[in-house]
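Okay, here's what each chain looks like letter by letter:
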Amino acid sequence: MSQVAVYPHTEPAMINGSFKGKDIVSLDQFTAEDLQVVFALTHKMKQIALNNEASRLLEGFVISLLFFEPSSRTFGSFASAIKRLGGQTIELQNPETTSSVYKGESFEDTIRVFEAYSDALVLRHKVAGSAMLAADAASFVPVVNAGDGNNEHPTQTVLDLYTLYERFGRLDNLTGLLAGDVLNSRTLHSLMRGLSLFKNNTVYLLAPRQLQLAKDDFLSLSARGLRIIEITSEREIPRDCNFWYWTRVQKERLASLQEYQEVMKSSFVVTPELLDAYASKDMILMDPLPRVNSVDPAVDKDERAVYLRSQIRNGLYTRMALLTLILGRA
Amino acid sequence: MSQVAVYPHTEPAMINGSFKGKDIVSLDQFTAEDLQVVFALTHKMKQIALNNEASRLLEGFVISLLFFEPSSRTFGSFASAIKRLGGQTIELQNPETTSSVYKGESFEDTIRVFEAYSDALVLRHKVAGSAMLAADAASFVPVVNAGDGNNEHPTQTVLDLYTLYERFGRLDNLTGLLAGDVLNSRTLHSLMRGLSLFKNNTVYLLAPRQLQLAKDDFLSLSARGLRIIEITSEREIPRDCNFWYWTRVQKERLASLQEYQEVMKSSFVVTPELLDAYASKDMILMDPLPRVNSVDPAVDKDERAVYLRSQIRNGLYTRMALLTLILGRA
Amino acid sequence: MSQVAVYPHTEPAMINGSFKGKDIVSLDQFTAEDLQVVFALTHKMKQIALNNEASRLLEGFVISLLFFEPSSRTFGSFASAIKRLGGQTIELQNPETTSSVYKGESFEDTIRVFEAYSDALVLRHKVAGSAMLAADAASFVPVVNAGDGNNEHPTQTVLDLYTLYERFGRLDNLTGLLAGDVLNSRTLHSLMRGLSLFKNNTVYLLAPRQLQLAKDDFLSLSARGLRIIEITSEREIPRDCNFWYWTRVQKERLASLQEYQEVMKSSFVVTPELLDAYASKDMILMDPLPRVNSVDPAVDKDERAVYLRSQIRNGLYTRMALLTLILGRA
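Chains as they are written, first to last, in UniProt numbering: chain P, 1 to 330; chain L, 1 to 330; chain F, 1 to 330.
FYI, nobody ran anything at the bench for these hints, they're computed from the structure. Note that this is a predicted model, so its numbers are computed, not measured. Keep in mind that a hint or two might mislead.
Because identical chains cannot be distinguished in the list, a pair is counted as satisfied if it fits within a single copy or across any two copies.
Within a straight-line C-alpha distance of at most 27 Å, the following computed DSSO-like cross-link-like pairs (lysine-lysine) qualify [to be verified]: (1) K265 - K44; (2) K265 - K20; (3) K44 - K251; (4) K46 - K265; (5) K199 - K265; (6) K281 - K251; (7) K46 - K126; (8) K215 - K126; (9) K20 - K46; (10) K301 - K215; (11) K44 - K215; (12) K199 - K301; (13) K20 - K215; (14) K126 - K44; (15) K20 - K301; (16) K126 - K199.
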């Protein structure tokens, strides 16, 4: 979408205990205390969903799901979150082909039109910065960033942190192994920023040579208090990790198919054997999905594999909580 | 859709105070009194929406949104209208690619199938006359025309008239400036027909030479009692207009890109300077959107610019009112 | 979808009076008694729909409609069924273009993700066997097959059988004429299997030479107790048929356009004249739609033509009943 070209300079407001009406654009709006508020409500949301309660928490609210980029999983998670609470949706998938966007309307105008119909906007867009742009354009209703290119996907990180919190009862004193595309993965970078909000966390980074953490990122994350240890072989994985977080190598990020094939030769896949050799009995194995050459399906049966269990379900529950908070119904 | 080839000869029934079960195909079905009924209910609908009331007015009703042509704005407005009243939708966007239409089913069969699932049908289609064809095919449930090519888009005109009515408390004794594609714009033509239902209205028409009103239209609208004055320069705009209604030049209507560029040289764009020079303090500036080379975004801040404020919101409220009326829940 | 390649060997569980939590993958899961249970509930559902009752039977449930293949009619029928009972949906049309499927996610992973968001999955897919594959992948929620290629479309057959049952008060001692693509039609084959669950039914098969029933199918259906009589000319149609069930010749099944044109020369179309000559006064004429060169629109006015009346409406009512049963709310 050529209209979204300028990365906006506005910063989203910190939440600082006051959720109502706030945009959710970046993980950096959350303090550790804010996350605790979300987690407490998430626990209640889980009961509503598991019991199929006829909740009316969001009754009377209409929320637009503006998915300019396809993402069936995130779309389904938000749609379910809203509807399980008695809310309603306006759903646009690929509005560039089904909308006035094709008539040359500006992005801001589209946002302001849907603002007039809705009580909140959930935006997915391939252009980095588009969520902040939308939040600036929408003066009256909150905007939730459901992924804006390689920039942010804050609700993904909130669900990841909740998954750790639910399992271990804390978000400090954790040790994790982060693997895959450590250089580019938006998910891994956000998770590290999230972990750095809490004390005494350590991450081991395991990546092919071409996909290791950039120096700048290493320095800024370390400065936030996160202990980072880079390793280059599976044999260096410590036995006491609380969690492994695996990500796929994103073919679309690499310059050529040849480079992708080169990287894949030295990339790491979780197999039952790898778990047997290096994972502790009470760790959990996470993956943001889709898992393509990241986790072998043979691992699915292992109880420690939560990517298709609590991790995906927690996406639903945390989104229920976040929407309820920003709509002032908590 | 080749199946919709014949312009039907049936005329939709006049409303004449009796909304329940009526199709809404054309603005010409409404008397001035019918519009007053819609406006009175629209005012109540506005309160429901602004207060996020958990309305159940349309509970138990399922309404099909059959958008054979993309139109995200109109789609979103109808979807929100239905859901804010507790109704439900069946949503088909671009059914020509997602439906049995591609298996060669006739348009009438598609309409009759969705009639069997629904309590009303909202139809958007690029072929003029398709809404009347659908209304004829659907014997049991009302059909609402959400735009059938260059023919009609009656709910757009109802919202435009309501916007004027809400602002000025009347629909007679108004003076307006209509600008842009005066030759082709469906919206402008319908608005003029709507204004002609009321007494003593005057419109000034400002258009590039190639896009001025056709003689036939001038004569028929004048015969209905509308006073029409054609002007060719911004300097002729009278200072006492109650409203300006701007429309874009529709590139798709012109024979070539060259013709479009030629027209655009002499087309008119609303700027802050133009407003300062010719607009009164208490007028309103309207645009049916998308606004592409019609209104400069620098104008948005001006309180008189209602196109992204009350005009777009009134689309929601008037559709809530119209659906409630034809479904017999008013 | 290349991921769905292997036809699964699992058989879906028989219903045998216990609907709650069951997948609905094949008509062969139903006993005659199971169908009677569905029919009894269908009758109640019809009243809910016709009276626009604000039913809350499925309130608190979110059901995913995963339509990997376009089918607007079946999609609309399921959407309406769920929403008329107060349930909610997650709707994916053509998820291969709007989803992580395009990122290389396996079919089973997609199913398991949507299982985590939903209380049931309704699947439409062009690959035969995909519904059973989905039912195997989804461990916690029921899967309803809304058509998997040329394999099964069980809710279509349930609605066909209900249409006969509602009209004649029985499903035994019936005589039917089945016409069109007798060789390939999934619908006709399932209907014959359904009729064979009841006693003393007879079907006459009328098809072009190239589209007659395969020997194997003739033998297996006969062995189930269905009396099958093949005829080759309209003049052999017996006057006492309770129903005619017409199907279109499916162009996409034939090797070439030439072969299609050849077949069409000797194919059969229902006309008012054919009905006059061979149909009894109280028979019904059915067609699963779309009807393309199968039933002449001139027949629509005839009261015996139920394809756009009770047959299509019964699809809504039987789906309401089936979903209520498998979700344990009956």
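Each hint, compared with the structure:
{"no.": "1", "hint": "K265 - K44", "result": "neither (45 Å within a copy, 61 Å between copies)"}
{"no.": "2", "hint": "K265 - K20", "result": "neither (48 Å within a copy, 48 Å between copies)"}
{"no.": "3", "hint": "K44 - K251", "result": "neither (39 Å within a copy, 53 Å between copies)"}
{"no.": "4", "hint": "K46 - K265", "result": "neither (41 Å within a copy, 60 Å between copies)"}
{"no.": "5", "hint": "K199 - K265", "result": "neither (36 Å within a copy, 64 Å between copies)"}
{"no.": "6", "hint": "K281 - K251", "result": "neither (33 Å within a copy, 58 Å between copies)"}
{"no.": "7", "hint": "K46 - K126", "result": "neither (30 Å within a copy, 35 Å between copies)"}
{"no.": "8", "hint": "K215 - K126", "result": "within (26 Å within a copy, 49 Å between copies)"}
{"no.": "9", "hint": "K20 - K46", "result": "both (21 Å within a copy, 23 Å between copies)"}
{"no.": "10", "hint": "K301 - K215", "result": "neither (37 Å within a copy, 44 Å between copies)"}
{"no.": "11", "hint": "K44 - K215", "result": "neither (41 Å within a copy, 60 Å between copies)"}
{"no.": "12", "hint": "K199 - K301", "result": "neither (33 Å within a copy, 46 Å between copies)"}
{"no.": "13", "hint": "K20 - K215", "result": "neither (38 Å within a copy, 56 Å between copies)"}
{"no.": "14", "hint": "K126 - K44", "result": "neither (33 Å within a copy, 40 Å between copies)"}
{"no.": "15", "hint": "K20 - K301", "result": "between (41 Å within a copy, 26 Å between copies)"}
{"no.": "16", "hint": "K126 - K199", "result": "neither (33 Å within a copy, 52 Å between copies)"}
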